[in-house]
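**Student:** Full structure from sequences and hints, please.
Residue numbers (this note's numbering), protein chains in the order written: chain A, 1 to 256; chain B, 1 to 256; chain C, 1 to 256; chain D, 1 to 256.
Rather than coming from a laboratory, the hints here were simulated on the basis of the structure. Please note that the accuracy of each hint is not assured.
Repeated chains share a single entry, so a pair holds when one copy, or any two copies, can fit it.
Using 27 Å as the maximum straight-line C-alpha spacing, the simulated DSSO-like pairs for lysine-lysine come out as follows [unchecked claim]:
hint: 1; residue 1: K215; residue 2: K152
hint: 2; residue 1: K80; residue 2: K54
hint: 3; residue 1: K212; residue 2: K152
hint: 4; residue 1: K188; residue 2: K80
hint: 5; residue 1: K188; residue 2: K27
hint: 6; residue 1: K215; residue 2: K188
hint: 7; residue 1: K212; residue 2: K188
hint: 8; residue 1: K217; residue 2: K188
hint: 9; residue 1: K156; residue 2: K217
hint: 10; residue 1: K217; residue 2: K27
hint: 11; residue 1: K54; residue 2: K27
hint: 12; residue 1: K152; residue 2: K80
hint: 13; residue 1: K54; residue 2: K212
hint: 14; residue 1: K156; residue 2: K27
hint: 15; residue 1: K188; residue 2: K105
hint: 16; residue 1: K152; residue 2: K105
hint: 17; residue 1: K188; residue 2: K152
hint: 18; residue 1: K27; residue 2: K105
There are 4 protein chains.
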Amino acid sequence: MPTINLNADIAEGWGAYDIGNDAELMKVIKSASVACGFHAGDANTMHRLCMLAKDLGVSVGAHPGFNDLWGFGRRRIQMKPQDLELLVAYQIGALQAMAAYAGLKVTHLKAHGALNNMAAEDAAYAMAIGRAIQAVDRNIIYVALYGTEMQKAAEKLGLPMALEGFPDRRYADDGNLASRAIPGSVLKDPNAAAEQALRMVRDGEIIALSGKRIKVKLHTLCVHGDEATGVAVARGIRQALEAADISVVPLTDMQL
Amino acid sequence: MPTINLNADIAEGWGAYDIGNDAELMKVIKSASVACGFHAGDANTMHRLCMLAKDLGVSVGAHPGFNDLWGFGRRRIQMKPQDLELLVAYQIGALQAMAAYAGLKVTHLKAHGALNNMAAEDAAYAMAIGRAIQAVDRNIIYVALYGTEMQKAAEKLGLPMALEGFPDRRYADDGNLASRAIPGSVLKDPNAAAEQALRMVRDGEIIALSGKRIKVKLHTLCVHGDEATGVAVARGIRQALEAADISVVPLTDMQL
Amino acid sequence: MPTINLNADIAEGWGAYDIGNDAELMKVIKSASVACGFHAGDANTMHRLCMLAKDLGVSVGAHPGFNDLWGFGRRRIQMKPQDLELLVAYQIGALQAMAAYAGLKVTHLKAHGALNNMAAEDAAYAMAIGRAIQAVDRNIIYVALYGTEMQKAAEKLGLPMALEGFPDRRYADDGNLASRAIPGSVLKDPNAAAEQALRMVRDGEIIALSGKRIKVKLHTLCVHGDEATGVAVARGIRQALEAADISVVPLTDMQL
Amino acid sequence: MPTINLNADIAEGWGAYDIGNDAELMKVIKSASVACGFHAGDANTMHRLCMLAKDLGVSVGAHPGFNDLWGFGRRRIQMKPQDLELLVAYQIGALQAMAAYAGLKVTHLKAHGALNNMAAEDAAYAMAIGRAIQAVDRNIIYVALYGTEMQKAAEKLGLPMALEGFPDRRYADDGNLASRAIPGSVLKDPNAAAEQALRMVRDGEIIALSGKRIKVKLHTLCVHGDEATGVAVARGIRQALEAADISVVPLTDMQL
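**Tutor:** Structure follows, in structure tokens:
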């Protein structure tokens, strides 16, 4: 029986502030990427999420971002790779402590927002993230976009890696995500996203906006909870996968 | 041969800012209480300190404070004990990741500033700190002031505990530190501080301001680097101890 | 025709985070107390609110809080009154710049959360707030709870002052708010709150929980948007006041 | 008698942290660019500086930076120009309130660090800064590097503008600062810097690294206090200017 993982960014509240739809999304996904206190998230949200993850059999990963709470980690920031590495390592450690409350381990890492975007293109950033994993716990799975510097960094460092796809986003011919600015590049219809998810997992291919077929072996699909339509799309994807006898499992149960 | 530990608060810079005199102080002490990013300290300062500690054979502990960078953790803040517990656990975890770079473990915890002062008096705060230790790594030594709620919390939770004395501070009759507002309550003369250190370790007693003798078994003496005279006082204390054939060792080598 | 002001705390989002129900509440109130960037609020939220206030004929005041974004200004913090004064002055100035975009002036000040609670009891805090007003613009109206140190400070400094009542809260015999811990002390029923508002304005009295009548001349009533029932209660109060031929006006139009 | 202004970035401490050498530098300069709380500076440092400026006859300007305290405003951050504009306006307003304590006005603005560097090249950033000035107080002098987008923005908006030179930095042929990476591009010798200052002011020209002469009319020269040699260089410059009968005056006394 084929398997796939569903992951989402989660626990992005902070202090008195809440955002997203964690409770619903956590019932759909099997791996949670938890904000670690820098772009979002605090000890309370991290702790709450880890306890919930334990109850629901969801695996927990670090979701480190720039130290930019105001910008929610969405602003591109230029910094020294060595500073970035330690920033990421710090965030992993903080989440490990919170996961300890639930008897869980931090089993994957997925960079957030602008950090993820920059690390996709910038080898020094991608390596900085990889080195942080290596220093803190080299069993942590590096979640990487296909064809990016992150994939190369994980391979170079010999880290376990999971390739990630976005079933609710359309793709360019080179395998990168098409810009959100292109009309139709974000799929808000659960059926369309579910259809793309099935293509990705069952058929091992992405149909780019141009119609081009890109063969790719993905390990995890990312779903979203921050837009109104996110949870419905996520549910549609999961149902379509299970209807096709594809088992949705934690990242830790995937063959990487 | 009798033993004692010398500890200091350390690595309290942040970003572009520096403070204290870490390089000199690290040569005098045997255990470093490392600021963890909330009242002071960042991933860079924590990492640098851990690497230095490894080189110098200094054991590393967490020095968590309130989430109050502006106030440098010196402002008393009222918060829910559960929130405080998670705040402390988060800080421990972050330091564990930084210590991993040096192949070190976090082996003690000493609360900072206003948090330390409040936890000395407030059982709920003292227990919150203890529970954070318990959740993350119950081998971490809880550094507590003699006769305080912290001592009681460590005992109640069955955590390893080290009782701490301040050789450069005078004491009240109840074993608490005399207020800084009392003239002469802070010893800036290395000889006077060294004399009190010897009393504490060799004779197992504190002579209060009133002249009263308080019998006490201390495991660690705290020295300071933030005042101009701090390092000189710290050196004086260490020399006096060694001259009296008292071995200055990491907290992990103390019989607790 | 008798007049009264309705005010609310507003614009308490920050960065990517939103909170409260500003759009609806702004249609009900006539004076907005705007978070100034320390416990909540940022340049964007402040600017947006000022532009909206101009459109709706709502007067704008500063709503300074402790520098405690994580705690949303609800944690009691001990600090030097001089530091507090400058913290408040800074926040007033920041809002003045944002108000300049709308061609508005900052015409009142109401302290937020824990700062308001502490300043009610602590003369040094209450004077610190008053001195900040005095230094930046002594025409700013100091919003104070009846019978508190804030009232005394405003009188001592000769500042314009508005006494504030809470129609959705019950009172103790001494004129202070009854603790939220007492069942029934928070009125979530629009009719009950409207009834108390009428008593306060039309009859110039508060009926304490014990039944005691307290005579009081109030200038502004505070309504809330942070609870689900808040906006409905606020609307109920305004309708009841207007049905009783009481005109709801900006604080700047009140006889103080 | 010819005149010139000397300015410096100042008051860049924060909370318990201090940096730079304000007391000495303030005796040399005639205009202070005051950090406003985002990349550095807080209400205390701003207040202290304004009081000192009044005593010394130094004019006060805003020195806004990115909201990046950790990075000390030195990290390039991509953000929406509208967000940046409001961020700058907020900082001006905050400083105006602090200046009110000293009976001073904020009379110039100079962007800090990465913001200054980015605004030199990026028209949208340069205009955002200019629009903030325009909204809050259009009499504020926009300090701009010669030949940059900031100069163009000030001209486009019709704002008073001061062109700034760096006597302790060497220049490229296009009038921009030569990279610090080029050996000798930073002048640490007071005589060399004083020589360049004289060239700039007396002769109205800059000799680029290549030897090329660039004719330029400058209104203010920037000196530094953050490096060990900064104050000595600053003193050397001032003495050389005065020895050449050039009067060093506040920016507000310059013919712009």
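**Student:** Does each hint hold? Answer for all of them.
**Tutor:** Status of each hint after checking the structure:
1. Proximity of K215 and K152 under a CA criterion of 27 Å is satisfied intra-copy only: 18 Å inside one chain copy versus 50 Å between copies.
2. In this homomeric assembly, K80 and K54 come within 27 Å of each other (Cα to Cα) only across copies, at 24 Å, whereas the closest approach inside a single copy is 36 Å.
3. Taking identical chains as interchangeable, the C-alpha atoms of K212 and K152 lie at most 27 Å apart only when both belong to the same chain, with a minimum of 24 Å there against 46 Å between chains.
4. With identical chains, the CA atoms of K188 and K80 are at most 27 Å apart between copies only, with a shortest distance of 25 Å across copies and 37 Å within one.
5. Taking the shortest Cα distances, K188 and K27 sit within 27 Å of each other inside one copy (19 Å), while across copies they are farther apart (33 Å).
6. With identical chains, the CA atoms of K215 and K188 are at most 27 Å apart within one copy only, with a shortest distance of 24 Å there and 59 Å across copies.
7. Taking the shortest Cα distances, K212 and K188 sit within 27 Å of each other inside one copy (22 Å), while across copies they are farther apart (59 Å).
8. For the identical chains of this complex, K217 and K188 are intra-copy neighbours only, at 24 Å inside a copy versus 56 Å across copies, given an alpha-carbon limit of 27 Å.
9. Only within a single protomer do K156 and K217 lie at most 27 Å apart by alpha-carbon distance; the minimum there is 19 Å, versus 54 Å between protomers.
10. In the homo-oligomer, the alpha carbons of K217 and K27 lie at most 27 Å apart inside one protomer (25 Å), although the nearest pairing across protomers, at 54 Å, exceeds that limit.
11. In this assembly of identical chains, K54 and K27 lie within 27 Å of each other by CA distance solely inside one copy; the values are 12 Å within and 45 Å between copies.
12. In the homo-oligomer, the alpha carbons of K152 and K80 lie at most 27 Å apart inside one protomer (20 Å), although the nearest pairing across protomers, at 31 Å, exceeds that limit.
13. In the homo-oligomer, the alpha carbons of K54 and K212 never lie at most 27 Å apart, since the shortest distance is 41 Å inside one protomer and 53 Å across protomers.
14. For a Cα distance limit of 27 Å, the shortest separation of K156 from K27 qualifies neither inside one copy, at 35 Å, nor across copies, at 39 Å.
15. For a Cα distance limit of 27 Å, the shortest separation of K188 from K105 qualifies neither inside one copy, at 33 Å, nor across copies, at 44 Å.
16. Taking the shortest alpha-carbon separations for K152 and K105, only the intra-copy value of 25 Å comes in at or below 27 Å, while the best inter-copy value is 31 Å.
17. Proximity of K188 and K152 under a CA criterion of 27 Å is satisfied in neither setting, with 31 Å inside one chain copy and 43 Å between copies.
18. Only within a single protomer do K27 and K105 lie at most 27 Å apart by alpha-carbon distance; the minimum there is 20 Å, versus 36 Å between protomers.
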